[in-house]
Amino acid sequence: MEEVIRAENLTKVFNKNIIAVDHINFSVYEGEIFGFLGPNGAGKTTTINMLTTVLKPTEGTASILGFDIVKQANEVRKVIGVVPQEYTADEDLTGYENIMLCADLYGVPRDIARKRALELLELVNLIEFKDKRVETYSGGMRRRLELACGLINRPKILFLDEPTLGLDVQTRAAIWDYIRHLKEEYDMTIFMTTHYLEEADALCNRIAIIDHGKIIANGSPNELKDSLGGDIITITIKENADVTDIISSIEKVKEVKKENNTYRIKAESGEVTAPIIIEALRQKGYTILRLSVSEPTLNEVYLEYTGRAIRDTEESKESIITQRIILRRARGR
Amino acid sequence: MSPKTNECHPSFIRGLWALTYRELKKWLNDPIMLIMFILQPLIWMGLLGKSLNIQGLFSAGNINLPPQIPIPGSAIIYPPGVSQVILNGTWFSQLFANMGINIMQRTFGVTDYFSYMAIGMVSMIVVTATMFSGMSIVWDRRLGFLDKVISTPVSRATIIFSKILNSTLRAMFQASVILALAYILGLQLSSNFTIINIIGIYAAIFLLSTGLSSIFLAVSIRATRMERPMQIVNLIIMPLMFSSNIFFPISMMPEWLQPIASANPLTYLTDAIRQLTILPLDISALIIDFIYLSVFAIILAIIGIVLSWKYLVK
Ligand SMILES: Nc1ncnc2c1ncn2[C@@H]1O[C@H](COP(=O)(O)OP(=O)(O)OP(=O)(O)O)[C@@H](O)[C@H]1O
Ligand SMILES: [Mg+2]
Numbered sequence: 001m002e003e004v005i006r007a008e009n010l011t012k013v014f015n016k017n018i019i020a021v022d023h024i025n026f027s028v029y030e031g032e033i034f035g036f037l038g039p040n041g042a043g044k045t046t047t048i049n050m051l052t053t054v055l056k057p058t059e060g061t062a063s064i065l066g067f068d069i070v071k072q073a074n075e076v077r078k079v080i081g082v083v084p085q086e087y088t089a090d091e092d093l094t095g096y097e098n099i100m101l102c103a104d105l106y107g108v109p110r111d112i113a114r115k116r117a118l119e120l121l122e123l124v125n126l127i128e129f130k131d132k133r134v135e136t137y138s139g140g141m142r143r144r145l146e147l148a149c150g151l152i153n154r155p156k157i158l159f160l161d162e163p164t165l166g167l168d169v170q171t172r173a174a175i176w177d178y179i180r181h182l183k184e185e186y187d188m189t190i191f192m193t194t195h196y197l198e199e200a201d202a203l204c205n206r207i208a209i210i211d212h213g214k215i216i217a218n219g220s221p222n223e224l225k226d227s228l229g230g231d232i233i234t235i236t237i238k239e240n241a242d243v244t245d246i247i248s249s250i251e252k253v254k255e256v257k258k259e260n261n262t263y264r265i266k267a268e269s270g271e272v273t274a275p276i277i278i279e280a281l282r283q284k285g286y287t288i289l290r291l292s293v294s295e296p297t298l299n300e301v302y303l304e305y306t307g308r309a310i311r312d313t314e315e316s317k318e319s320i321i322t323q324r325i326i327l328r329r330a331r332g333r
Numbered sequence: 001m002s003p004k005t006n007e008c009h010p011s012f013i014r015g016l017w018a019l020t021y022r023e024l025k026k027w028l029n030d031p032i033m034l035i036m037f038i039l040q041p042l043i044w045m046g047l048l049g050k051s052l053n054i055q056g057l058f059s060a061g062n063i064n065l066p067p068q069i070p071i072p073g074s075a076i077i078y079p080p081g082v083s084q085v086i087l088n089g090t091w092f093s094q095l096f097a098n099m100g101i102n103i104m105q106r107t108f109g110v111t112d113y114f115s116y117m118a119i120g121m122v123s124m125i126v127v128t129a130t131m132f133s134g135m136s137i138v139w140d141r142r143l144g145f146l147d148k149v150i151s152t153p154v155s156r157a158t159i160i161f162s163k164i165l166n167s168t169l170r171a172m173f174q175a176s177v178i179l180a181l182a183y184i185l186g187l188q189l190s191s192n193f194t195i196i197n198i199i200g201i202y203a204a205i206f207l208l209s210t211g212l213s214s215i216f217l218a219v220s221i222r223a224t225r226m227e228r229p230m231q232i233v234n235l236i237i238m239p240l241m242f243s244s245n246i247f248f249p250i251s252m253m254p255e256w257l258q259p260i261a262s263a264n265p266l267t268y269l270t271d272a273i274r275q276l277t278i279l280p281l282d283i284s285a286l287i288i289d290f291i292y293l294s295v296f297a298i299i300l301a302i303i304g305i306v307l308s309w310k311y312l313v314k
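Protein chains in written order, with the working numbering: chain L, 1 to 333; chain X, 1 to 314.
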């Protein structure tokens, strides 16, 4: 597979002391959906801003389709599409005018642009609102409009910065349908950031977990889960005895944690190991009351690597967006 | 797979027009703001130009002499047969009134003050329109629009020039409105006013507002809130106005102010427009005005564009 994005020691330091992105290295291959996962302030947006030539790296560099993001910024800009974290469409223009504005900036030939703008508006279900001012759009509509704008130049690589932030569940699902569909249709590579773990799990071919500006884990969702050392088997026995030693002695068991009569066991290929454990316990005369085998979720991966649960979901979308705006102002960007 | 993605051919002109059109459209969508901008010079015109009736001080109506003025007393030795000398009061009234007109003519170049200061207001609106529209970049940055534009292949020059063009077009438009209003309110055009003069007026406005908006763009391009550029505008706008000839001719100013006024580009814009509208055209003065304005515009535009270029991307 061909490498389409390559970052080498990419670093951004703000105001000489805030290290937002700290010497990160990664590659993205053609046709994949690559996810950047991390808590607030991890450096996701900063990385996207550097890759999309909005910010200059302090150190290191990256290339997009072989073009250097600093030295060949203009070539880079032609082949990428960007859907920023904030709503950046012009409130005073209509949806259609906004898309056409993007087309003008990209220099998409006028006749093609007109046709494509309508196609895209159709695709993101905004066609009936195309002549309404963006001011009157809801958050989900704006997000979809941003998406359409980011696609007007048929980018080879699409950058999505938290494309579903603050959207309700249905709209999120719908957006992801569009994105999947578009990816097939236009044969794009997608670089996205998110902090919705399920989303990353379901969509991304590969994920990098970033925290405090550093990439701390990197791989496909399954690889990452496997890296935890296998599945989680939970067993509850009737007797008040400590069977930790019995379980630990079984091959493929990695780790056993006891909590009263319940044991949380980390083991490779859980479906196969579980029956062996049951057998061993039965032979010693223990009674098993309950058993479950589960694959680790990305949540557990995240917990393992960052040492904390991802803080999201509970916050209302309004508050997230308000915070964003306040933050943007405070940072002065 | 196909590398035909590069159907994109960002062009300077197209990008320039797209960005400028966007701003003009935003601006036209906001008629209240438009009226507010025009209101200010309109109030000045009403207050100073119409109510403070300077030429009225000297007008014939102000000098009330009886038609016949007897000169009493023994100051005059009467010729034989004449008991009293009588002055022709009407003639004297006329004489004083003419002197008034002469004074007006000599100090202001025209006989009515309204025409004089109305043109000053045209210059004023050019300055305010230019400065305020230069600030729109602050919003663009704050709302993330600027970042998005930077991520497209449109050139930085396009972004900067669209801002300058937008300010200039707005200034020209608002100046036209003020000129038209002044004409309706009684601006007296000189007899040699032709359509060609209008081109000259726009050329002069273009020069000043290009220079001013470039420098203003550089001031606001890094700003993240409106307050800073706003304060700068407030700080400089009044001194700029009162140290120019928009209300009074330089010759009437105190001595220390005269050199400042003679360096103030607003003086040259105002003079150029006056030459082209209400004054009997003095070609050599007009040429000096244009040379000064051009030099000013070029220097400020260069400084402004270079700085904006530098500060556009962090
Ligand atoms: N312009 C700026 N000036 C100073 N510090 C900044 C600036 N932009 C970002 N930072 C800092 O850099 C760090 C990374 O910010 P970034 O926006 O990349 O985070 P993020 O991963 O996108 O977070 P979120 O999930 O909230 O979007 C944060 O600590 C932030 O405060
Ligand atoms: Mg972010």
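Mixed in with the good hints, there may be bad ones.
Chain L stretches covered by chain X per the calculated footprint, using a threshold of three residues with CB under 8 Å from any CB of chain X [unchecked claim]:
hint	stretch
1	87-98
2	166-180
3	232-238
4	242-252
Think about it this way: if two alpha-carbon atoms lie no more than 16 Å apart in a straight line, the pair counts; the simulated EDC-like pairs of lysine to aspartate or glutamate are [said to hold, decoys possible]:
hint	chain 1	residue 1	chain 2	residue 2
5	L	Lys258	L	Glu271
6	L	Lys284	L	Asp245
7	X	Lys25	L	Asp92
8	L	Lys266	L	Glu300
9	X	Lys25	L	Glu122
10	L	Lys257	L	Glu279
11	X	Lys25	L	Asp90
12	L	Lys266	L	Asp211
13	L	Lys266	L	Glu239
14	L	Lys214	L	Asp22
15	X	Lys26	L	Asp245
16	X	Lys26	L	Glu91
17	L	Lys254	L	Glu198
18	L	Lys132	L	Asp92
19	L	Lys130	L	Asp92
20	L	Lys115	L	Glu135
21	L	Lys115	X	Glu7
22	X	Lys26	L	Asp90
23	X	Lys25	L	Asp131
24	X	Lys25	L	Glu59
25	L	Lys71	L	Glu8
26	L	Lys284	L	Asp226
27	L	Lys258	L	Asp242
28	L	Lys266	L	Glu295
29	L	Lys284	L	Glu300
30	X	Lys26	L	Glu135
31	L	Lys71	L	Glu59
Since the hints were made in silico from the structure, they are not lab data. Built from N, CA and C at the ideal position, the CB exists for glycine as well.
Of all the hints given earlier, name the ones this structure violates by number, lowest first. Violated hints (numbers, rising): 2, 3, 4, 5, 9, 10, 12, 13, 15, 17, 20, 24, 26, 29; every other hint is consistent with the structure.
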